[in-house]
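Going down the list, the protein sequences come from chains A and B.
Throughout the first sequence, residue numbering follows our numbering, covering 813 to 922 in sequence.
Throughout the second sequence, residue numbering follows our numbering, covering 86 to 197 in sequence.
You may find that some hints are simply not true.
[Stated by the list, open to error] With a straight-line cut-off of 16 Å between C-alpha atoms, the simulated EDC-like cross-links for lysine to aspartate or glutamate are: (1) 137(B) - 116(B); (2) 184(B) - 871(A); (3) 184(B) - 116(B); (4) 184(B) - 910(A); (5) 196(B) - 116(B); (6) 196(B) - 167(B).
[Unchecked claim] Some but not every residue of chain B turned toward chain A, in silico, with C-beta under 8 Å: (7) 127; (8) 134; (9) 135; (10) 185; (11) 188.
None of these hints come from the bench; they were simulated from the model.
Quantities reported herein were computed from a predicted structural model and do not represent experimental measurements.
Just so you know, even glycine gets a beta-carbon here, dropped at the ideal spot from N, CA and C.
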Amino acid sequence: SQTIHQWPATLVQPVGSPLSLECTVEGTSNPNLYWYRQAAGRGLQLLFYSVGIGQISSEVPQNLSASRPQDRQFILSSKKLLLSDSGFYLCAWSVTTEAFFGQGTRLTVV
Amino acid sequence: DAKTTQPPSMDCAEGRAANLPCNHSTISGNEYVYWYRQIHSQGPQYIIHGLKNNETNEMASLIITEDRKSSTLILPHATLRDTAVYYCIARASYLYGNKLVFGAGTILRVKS
């Protein structure tokens, strides 16, 4: 069966520090991969999606970047975090129909 | 993907059916209607999807109008654990597009 791993679950980082969040999927090949952010009390904002290795589409200009070095690995990065980067970050995958989400990373930038 | 419109919030009594409406008047022929829900501090969970026929699974039923301009998600016997934000999404088949964009959703509060 397919599973998605996202870590860490919580993270507190100082302003100006780098960020790397990793997401991996097991049990499927060539999935579509997604990164979302949810600010406190707000909806889900699509940040990046990828249809294949090295193929990244950015939905919102921001302080973040994404990479897909392997078929089932999706990484969200920042060189210098801002206070406004705080939020709940979710990774998701889909193949043909529904999407499946990880448990999320709650990032607090202080 | 077509824009969807949902009421911002709804209340439902425990044990009663919860009927969540969604308007998608600009939906195109290759777009499916998907429903997800998000319980507080968790990732969204897929519920059901359909194209034009009504669908039912172990979680819910989906009723799509004949003109496909609106749909209703039905939770037949709502429980307190069904309290969540419910998202209705119109999304093209994966053959035509891969984005998955969420709107504001409906906050469903199930009350005892």
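To see whether the hints hold, each was checked on the structure:
1. 137(B) - 116(B): Roughly 10 Å separates the two Cα atoms, so the pair holds.
2. 184(B) - 871(A): 10 Å, holds
3. 184(B) - 116(B): 12 Å, holds
4. 184(B) - 910(A): At roughly 12 Å apart (the allowed maximum being 16 Å), residue 910(A) and residue 184(B) satisfy the hint.
5. 196(B) - 116(B): 34 Å, violated
6. 196(B) - 167(B): Since the Cα atoms of residue 196(B) and residue 167(B) sit roughly 10 Å apart, the hinted pair holds (cutoff 16 Å).
7. 127: Holds - the Cβ of residue 127(B) comes within 8 Å of chain A, reaching about 7 Å at its closest.
8. 134: 6 Å, holds
9. 135: 11 Å, violated
10. 185: For residue 185(B), the interface hint holds, since the closest Cβ of chain A sits about 5 Å away, which is under 8 Å.
11. 188: Where the cut-off is 8 Å and the nearest Cβ of chain A is about 7 Å from residue 188(B), the hint holds.
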